[in-house]
Amino acid sequence: MLNPDLVGRTFPGATSTSVSQESISAFAAVIGESEISVATPTYAITITLDQSQKLLQESGLDWTRVVHGEQRFEIKRPIVAGDTLRCDSTIESARVMAGNEIVTVRGDLFNGTELVVSTWSTLVVRA
Amino acid sequence: MSRFILGQELPSHTFHINRALLVAYANASGDQNPIHQDEAFAKSVGLPDVIAHGMLTMALAGKYVADQAGGSSSVKEFSVRFTKPVVVPADTDVELIVSGKISEITEAGDAKIDITAVCADTKVLGMAKAIVANA
Chain A
0 MLNPDLVGRT FPGATSTSVS QESISAFAAV IGESEISVAT PTYAITITLD
50 QSQKLLQESG LDWTRVVHGE QRFEIKRPIV AGDTLRCDST IESARVMAGN
100 EIVTVRGDLF NGTELVVSTW STLVVRA
Chain B
0 MSRFILGQEL PSHTFHINRA LLVAYANASG DQNPIHQDEA FAKSVGLPDV
50 IAHGMLTMAL AGKYVADQAG GSSSVKEFSV RFTKPVVVPA DTDVELIVSG
100 KISEITEAGD AKIDITAVCA DTKVLGMAKA IVANA
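If you read the protein sequences in the order shown, they are chains A and B.
Going by numbering that gives the first Met the number 0, 100 is the number at position 101 of the first sequence; the sequence numbering is gapless.
Going by numbering that gives the first Met the number 0, 70 is the number at position 71 of the second sequence; the sequence numbering is gapless.
In short, the hints are calculated from the structure, not lab data.
Backbone N, C-alpha and C fix where the C-beta goes; we use that ideal spot for every residue, glycine too.
Misleading hints may appear alongside valid ones.
[Unchecked claim] Here are the simulated lysine-lysine pairs, DSSO-like style, with alpha carbons at most 30 Å apart:
(1) A/K53 / B/K75
(2) A/K53 / B/K128
(3) B/K75 / B/K42
(4) B/K42 / B/K83
(5) A/K75 / B/K42
[As the list claims (entries may be wrong)] The following residues of chain A were derived to be distant from chain B, with all beta-carbon distances above 12 Å:
(6) M0
(7) N2
(8) T9
(9) P11
(10) A25
(11) A27
(12) G31
(13) E57
(14) S58
(15) G68
(16) I78
(17) T83
(18) D107
(19) E113
(20) T121
Based on the sequences and whatever the hints tell you, model everything.
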């Protein structure tokens, strides 16, 4: 179980990710996107979900039983090569439904002080 | 000149998902969960077979939205629920059929697309929506 005291708390990212053109191009190639001057709409997940996983595992969540329930992106501007992105993670909610634990975590990606993309991942820990 | 009008039906597009694509997505995204690659492991945790990453299905739906809207730069919001898994048997191309309809022109003048994603006659995404620039 997630420690309920953590709901509402924001955990600033300790490290930043330098976005390379190779990384944007590799992600685009998988889905058949040839326009690679900007990242594709869901590229941010490659940074935010990893951060969320670390945070939630450290907070007591059993990641081996996690399935992805919902996902949302708010894109202020597309990610581009050269961005150096820090991910601040906020545990927005945690509840139990029919024995399943349901946790929503927001990831805010900042390039310096500029908010670039916010992601919301709702994860279900199967009972 | 606006690209979209309220109620407009967007043409569908069919994507093909196979095991090789799951490996490629795992490598590009960093999500190496074995339920997306290892049949024995997937079955050991109660799945019918290897399943696609939900985020791969969403990425393909995102590609559809970007194509309709004139590129990735036009996509402002995008959200889905993962309602059913996309099961990917070995040596098989699974078809993912994505379509859309303009359900709203927002006060800001953007277009809201309701997205439908179907695999083997089953909707695999629920409440799938995107807000895109309508230019």
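Hint check results:
1. A/K53 / B/K75: holds (27 Å)
2. A/K53 / B/K128: holds (28 Å)
3. B/K75 / B/K42: Answer violated: B/K75 to B/K42 is near 38 Å, above 30 Å.
4. B/K42 / B/K83: Holds, at roughly 16 Å.
5. A/K75 / B/K42: Outside the cut-off at roughly 40 Å; violated.
6. M0: The claim stands: A/M0 keeps its Cβ more than 12 Å from every Cβ of chain B (closest is about 20 Å).
7. N2: holds (24 Å)
8. T9: Nearest chain B Cβ is 21 Å from A/T9, so the label holds.
9. P11: With a cut-off of 12 Å, A/P11 remains clear of chain B, as the shortest Cβ separation is near 21 Å.
10. A25: Violated, because the least Cβ-Cβ distance between A/A25 and chain B comes to about 5 Å, which does not exceed 12 Å.
11. A27: violated (9 Å)
12. G31: violated (6 Å)
13. E57: holds (18 Å)
14. S58: holds (19 Å)
15. G68: violated (6 Å)
16. I78: Nearest chain B Cβ is 9 Å from A/I78, so the label is violated.
17. T83: About 18 Å separates A/T83 from the closest Cβ of chain B, which puts it past 12 Å; holds.
18. D107: holds (15 Å)
19. E113: Answer for A/E113: holds, closest chain B Cβ roughly 16 Å.
20. T121: violated (8 Å)
Violated hints for the displayed structure, listed by number in ascending order: 3, 5, 10, 11, 12, 15, 16, 20.
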